[in-house]
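**Q** Sequence:
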Amino acid sequence: MRGEKNRILEKKEIVHILSNDKFTAGYVNFMKEHMSAYRHSFIISGTFEGGKFIDDKNIYFIKKYFEILINPAIKRLLKQATKIIVSGVFNSHAAVAFFRKQEKEKTFFHFWGGDFYCLRDSTKRWKQIIKNWLKVYCCKRCAGLIFLIEGEYDVFYEMTHIANRHYVAPMPRNTNRKLRLADYRQRYGDAGARADEPVNILVGNSATDSNHHLEVFEMLRRFPADRIRVYVPLAYGEAQYREMILGEGKRLLGDAFHPIVTYMKYEDYVTFLAGMHIGIFNNDRQQAMGNITIMLALGKKVYARDDTSMWKRYTGEGKCIYPLSLIHEQDFEEFIYFDEKEKQKNEMLEDSYDPVKATKEKWSIVFDACCES
Numbered sequence: 001m002r003g004e005k006n007r008i009l010e011k012k013e014i015v016h017i018l019s020n021d022k023f024t025a026g027y028v029n030f031m032k033e034h035m036s037a038y039r040h041s042f043i044i045s046g047t048f049e050g051g052k053f054i055d056d057k058n059i060y061f062i063k064k065y066f067e068i069l070i071n072p073a074i075k076r077l078l079k080q081a082t083k084i085i086v087s088g089v090f091n092s093h094a095a096v097a098f099f100r101k102q103e104k105e106k107t108f109f110h111f112w113g114g115d116f117y118c119l120r121d122s123t124k125r126w127k128q129i130i131k132n133w134l135k136v137y138c139c140k141r142c143a144g145l146i147f148l149i150e151g152e153y154d155v156f157y158e159m160t161h162i163a164n165r166h167y168v169a170p171m172p173r174n175t176n177r178k179l180r181l182a183d184y185r186q187r188y189g190d191a192g193a194r195a196d197e198p199v200n201i202l203v204g205n206s207a208t209d210s211n212h213h214l215e216v217f218e219m220l221r222r223f224p225a226d227r228i229r230v231y232v233p234l235a236y237g238e239a240q241y242r243e244m245i246l247g248e249g250k251r252l253l254g255d256a257f258h259p260i261v262t263y264m265k266y267e268d269y270v271t272f273l274a275g276m277h278i279g280i281f282n283n284d285r286q287q288a289m290g291n292i293t294i295m296l297a298l299g300k301k302v303y304a305r306d307d308t309s310m311w312k313r314y315t316g317e318g319k320c321i322y323p324l325s326l327i328h329e330q331d332f333e334e335f336i337y338f339d340e341k342e343k344q345k346n347e348m349l350e351d352s353y354d355p356v357k358a359t360k361e362k363w364s365i366v367f368d369a370c371c372e373s
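The opening residue of the sequence shown carries number 1 in the working numbering; numbering runs sequentially from there.
Certain hints may be false.
Once the Cα atoms are required to be at most 30 Å apart in a straight line, the calculated DSBU-like pairs of lysine-lysine come out as [unchecked claim]: (1) LYS32 x LYS52; (2) LYS250 x LYS319; (3) LYS319 x LYS22; (4) LYS265 x LYS127; (5) LYS127 x LYS75.
Just the calculated beta-carbon pair ranges, DEER-fashion [as the list claims (entries may be wrong)]: (6) ASP255 x GLU329: 23 to 31 Å; (7) GLN102 x THR262: 43 to 51 Å; (8) GLU329 x ALA182: 27 to 35 Å; (9) ALA369 x ALA235: 34 to 42 Å; (10) PRO198 x ALA369: 49 to 57 Å; (11) GLU215 x ARG76: 44 to 52 Å; (12) ALA358 x LYS64: 32 to 40 Å.
It is worth saying that the hints were derived from the structure and are not from the lab.
Note that beta-carbon positions come from the ideal geometry of N, C-alpha and C, so glycine has one too.
Using the sequences and the accompanying hints, generate a full structural model.
**A** Here is the structure:
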């Protein structure tokens, strides 16, 4: 018993700071279940929802990030931590800016994408200017940076010219979800639409302007309206942008436009994606990778921009995806055609991929390197 207690005490203490988002449960459950060589604590900003986590041990819920600076228990936790991981740097950096020097020097920012791409856009809003300045200030002084995929640090550096040690570690998939995408393929059939039915097309993943929906709508409106059904997920994102897309989608595509404005359970959403034939992602940054990965695994034809780190990631893995610009040159039959060999290649690559093993390897590199000092 004493030996077990000593082994627990010898573990490095990793404190994770993140918001209560759709990815949070997967992140927490993965760390608890698969990264047990370290002792993990989690500070989560947002409303507590029971039943999402493996257990509630070492989870501290707060309403605002500034509670981190005044809560005695959390302050002690940060002081004794070996390393601090801030996952999703949207607002949390405002608290990190006021960390003591000792805490800043052991804090790593785990960027999701939208939390650093905002730095490339010029703004005249003073609140955003201050937020961006604080984020840059923290990035210069923190221990290091973590990105979801290869190539993101290069984009970050081009925007900020901040040099810092950096790593790659993905958002873990929720280990509580026991879904086999191969089962969905068998249940819902192959990627092709029958000649007598419309082609179901997914456009984008959210109500954010980085999806550039209108450019895609303009591409699609030249195809026969009775041959296409365009589904646009808008359940989360920016309210003002959502309203604009709802209006413009109807104007440009008419009855072919089908917005999705309500949330779906994960299993229901995968079933929904299984009913699509084509996915079009005009996202100008790392975004929608969950949608893209699932659609490729389900044997769907995917178009995406070829000037993003996502494109390099998928093509580097050998996946068959198509450049969005190609749509301008295609007639309708070329647009919907998907070679069976390419479809099967995507399915095979996904079936042979072990997400738990791959994610564990990436995070082990991060934790081992972070905890050397």
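**Q** Next step is simple, just say for each hint if it's right about the structure.
**A** Hint-by-hint comparison with the structure:
no.: 1; hint: LYS32 x LYS52; result: holds (13 Å)
no.: 2; hint: LYS250 x LYS319; result: violated (33 Å)
no.: 3; hint: LYS319 x LYS22; result: holds (26 Å)
no.: 4; hint: LYS265 x LYS127; result: violated (35 Å)
no.: 5; hint: LYS127 x LYS75; result: holds (27 Å)
no.: 6; hint: ASP255 x GLU329: 23 to 31 Å; result: holds (27 Å)
no.: 7; hint: GLN102 x THR262: 43 to 51 Å; result: holds (46 Å)
no.: 8; hint: GLU329 x ALA182: 27 to 35 Å; result: holds (33 Å)
no.: 9; hint: ALA369 x ALA235: 34 to 42 Å; result: holds (37 Å)
no.: 10; hint: PRO198 x ALA369: 49 to 57 Å; result: holds (51 Å)
no.: 11; hint: GLU215 x ARG76: 44 to 52 Å; result: holds (51 Å)
no.: 12; hint: ALA358 x LYS64: 32 to 40 Å; result: holds (35 Å)
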